[in-house]
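**Q** Sequence:
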Amino acid sequence: MGRRALQIATGLLALVPILTGIITMLGVSDPLYASSGVPALPVLDSNLRFFGGVWLGLGLALIWLVPRIESESVLFRVVWGGIFLGGVGRLLSIVMVGAPPIPFIGFTALELIGAPLFVYWQHLIATAARR
Numbered sequence: 273m274g275r276r277a278l279q280i281a282t283g284l285l286a287l288v289p290i291l292t293g294i295i296t297m298l299g300v301s302d303p304l305y306a307s308s309g310v311p312a313l314p315v316l317d318s319n320l321r322f323f324g325g326v327w328l329g330l331g332l333a334l335i336w337l338v339p340r341i342e343s344e345s346v347l348f349r350v351v352w353g354g355i356f357l358g359g360v361g362r363l364l365s366i367v368m369v370g371a372p373p374i375p376f377i378g379f380t381a382l383e384l385i386g387a388p389l390f391v392y393w394q395h396l397i398a399t400a401a402r403r
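Just so we're aligned, residue 273 is where the sequence shown starts under the numbering used here, counting upward by one.
Keep in mind that the hints were calculated from the coordinates and are not lab data. Predicted, not measured: the structure shown is a model, and the values here were computed from it. Treat the hints with care, since some could be wrong.
Label pairs and their in silico Cβ distance ranges [unchecked claim]:
(1) G274 / V310: 40 to 50 Å
(2) S318 / T399: 41 to 51 Å
(3) L291 / V367: 26 to 36 Å
(4) S343 / S308: 35 to 45 Å
(5) R403 / A277: 16 to 26 Å
(6) P375 / I280: 16 to 26 Å
(7) P303 / L382: 19 to 29 Å
(8) R340 / L313: 34 to 44 Å
(9) A312 / A371: 19 to 29 Å
(10) L287 / L389: 13 to 23 Å
(11) L364 / T399: 30 to 40 Å
(12) R403 / L316: 48 to 58 Å
Virtual Cβ for every residue (Gly too), placed ideally from N, Cα, C.
Working from the sequences, and respecting the hints, build out all of it.
**A** So, in structure tokens, the structure goes:
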């Protein structure tokens, strides 16, 4: 699993925060929240839109680094570190509030297990590129 495979996987996975970030910037009007009957509280709507923008930014950062994936170790780790911390937040929610719908359990697993694996994979590619 070389450089090209990591670039493709990163590019494809970057589409998730790009697309869901744009949707989440709809705030409580986001189809997920609107269908759940979440009240339009200003602080909740503001936070959803803010985090949607941050999520969109993470996705754009991933797309930006794809062409130079072997030399952008710091940014790669920062982005995946942020995604990992998001997974920690989801895990805390599961423990303290309860389980969300099944797709969100999958997102949590990707964030907590996949993020460290992607960082390790990129490390291998970066190390090989320096040889």
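**Q** Confirm or reject each hint.
**A** Status of the hints after comparison with the structure:
1. G274 / V310: 40 to 50 Å: 44 Å, holds
2. S318 / T399: 41 to 51 Å: 43 Å, holds
3. L291 / V367: 26 to 36 Å: With a Cβ separation near 28 Å, L291 and V367 satisfy 26 to 36 Å, so the hint holds.
4. S343 / S308: 35 to 45 Å: 42 Å, holds
5. R403 / A277: 16 to 26 Å: Cβ of R403 to Cβ of A277: about 18 Å, so the range 16 to 26 Å holds.
6. P375 / I280: 16 to 26 Å: Holds, since P375 and I280 (Cβ atoms, about 23 Å apart) stay within the stated range.
7. P303 / L382: 19 to 29 Å: 21 Å, holds
8. R340 / L313: 34 to 44 Å: Cβ of R340 to Cβ of L313: about 42 Å, so the range 34 to 44 Å holds.
9. A312 / A371: 19 to 29 Å: 25 Å, holds
10. L287 / L389: 13 to 23 Å: Holds, since L287 and L389 (Cβ atoms, about 19 Å apart) stay within the stated range.
11. L364 / T399: 30 to 40 Å: Holds, since L364 and T399 (Cβ atoms, about 34 Å apart) stay within the stated range.
12. R403 / L316: 48 to 58 Å: With a Cβ separation near 50 Å, R403 and L316 satisfy 48 to 58 Å, so the hint holds.
Violated hints for the displayed structure: none, as all numbered hints are satisfied.
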